[in-house]
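Colleague: Sequences and hints are given; from them, build the entire structure.
Quick note on our numbering: the sequence shown kicks off at 1 and runs consecutively.
Just so you know, these hints were derived from the structure itself, not from any lab.
Be careful, since some hints might not be right.
Distance ranges between label pairs, derived from CB positions [said to hold, decoys possible]:
id	residue 1	residue 2	range
1	Leu251	Gly80	19 to 29 angstroms
2	Val149	Val7	47 to 57 angstroms
3	Leu5	Asp134	42 to 52 angstroms
Predicted model, so just to flag it, every value in this text is computed and none were measured.
Beta carbons are placed, not taken as given, at the ideal position from N, Cα and C, and that holds for glycine.
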Amino acid sequence: MDSVLLVEMAALLLAIGALAGVLAGLLGVGGGVVLVPGFYYAFASLGYEIPQLMQICLATSLATIIVTSARSVMSHHKKGAVEWGILKIWAPGIVLGAIAGKMTVSALNTTVLQYIFGGLLVFIGLYMTFGNKDFRVANELPKGLKGRVFSPFVGFLSVLMGIGGGSFGVPLLTMFGVPVHRAVATAAGFGFIIAVPSVAGFLMTSLPEGSAPPLNIGAVNIAAFLVVITMTTFTAPIGAAIAHKTDAGKLKKFFGMFLILIALNMLRKAILS
Numbered sequence: 001m002d003s004v005l006l007v008e009m010a011a012l013l014l015a016i017g018a019l020a021g022v023l024a025g026l027l028g029v030g031g032g033v034v035l036v037p038g039f040y041y042a043f044a045s046l047g048y049e050i051p052q053l054m055q056i057c058l059a060t061s062l063a064t065i066i067v068t069s070a071r072s073v074m075s076h077h078k079k080g081a082v083e084w085g086i087l088k089i090w091a092p093g094i095v096l097g098a099i100a101g102k103m104t105v106s107a108l109n110t111t112v113l114q115y116i117f118g119g120l121l122v123f124i125g126l127y128m129t130f131g132n133k134d135f136r137v138a139n140e141l142p143k144g145l146k147g148r149v150f151s152p153f154v155g156f157l158s159v160l161m162g163i164g165g166g167s168f169g170v171p172l173l174t175m176f177g178v179p180v181h182r183a184v185a186t187a188a189g190f191g192f193i194i195a196v197p198s199v200a201g202f203l204m205t206s207l208p209e210g211s212a213p214p215l216n217i218g219a220v221n222i223a224a225f226l227v228v229i230t231m232t233t234f235t236a237p238i239g240a241a242i243a244h245k246t247d248a249g250k251l252k253k254f255f256g257m258f259l260i261l262i263a264l265n266m267l268r269k270a271i272l273s
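Modeller: Quick look at the structure:
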């Protein structure tokens, strides 16, 4: 194992983890929207542009979400903000969607996954920049099966992007009258439910021997996972401190435009590959 390569990889991962932590604390967004492209550009720059590279990036991002979402949902629970009833109702559908998402990711190559990630990230960026947070479809979630119909899509789309449940779950919950702070808290639980079954599957994924970056188990890069978890622990409070001194609304719009640029660049790379 090349020591120079390991040093370069560690430096890139430290920077990615630090940025993801600051943005999570600053804007309340999950790290996946930053981690997946960050992992991709880091590993590609080190020469690992393999057909399974996006699988590795998505799987590793989801592995970090197991830790960050558990930490987040417990923090929100202490403040009484988690809607455990919604979590219980949506959990089976989210798990089914996550498993279907993992199977889909495993069947696709990097180029197709880049198109999917880029397209969905454009949607998320546009929502953050121009979305009407006060828009409502109804004042409460529908009862029975109607109230669960969206849950598999949250799990499925989130795995396709390697993200937690916030990007799709929060808009859905708020559209049905759930207050935004409770929607954010509950969506943190979605992230854990999404990540656990999908990562379990990715850990058993078989990649061509010698093709993956160092320290991979299945499709999960353990080095990236450990570095990012460590860095976000230290840098998320920095982002939160900055957030209290700035206009969060303007920052989210700026970050939404930043995500659109990342998405367009990912789509450009997919087109040229």
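Colleague: Hints first: check each against the structure and report whether it holds.
Modeller: Results of checking the hints against the structure:
1. Between Leu251 and Gly80 the beta carbons are some 27 angstroms apart, a value that agrees with the proposed interval 19 to 29 angstroms.
2. Taken as a hint, the range 47 to 57 angstroms holds for the pair Val149 and Val7, whose Cβ atoms sit roughly 49 angstroms apart.
3. In this structure the hint that Leu5 and Asp134 lie 42 to 52 angstroms apart at CB holds, the actual value being about 50 angstroms.
Violation of the numbered hints given earlier is absent; every hint is satisfied by the structure.
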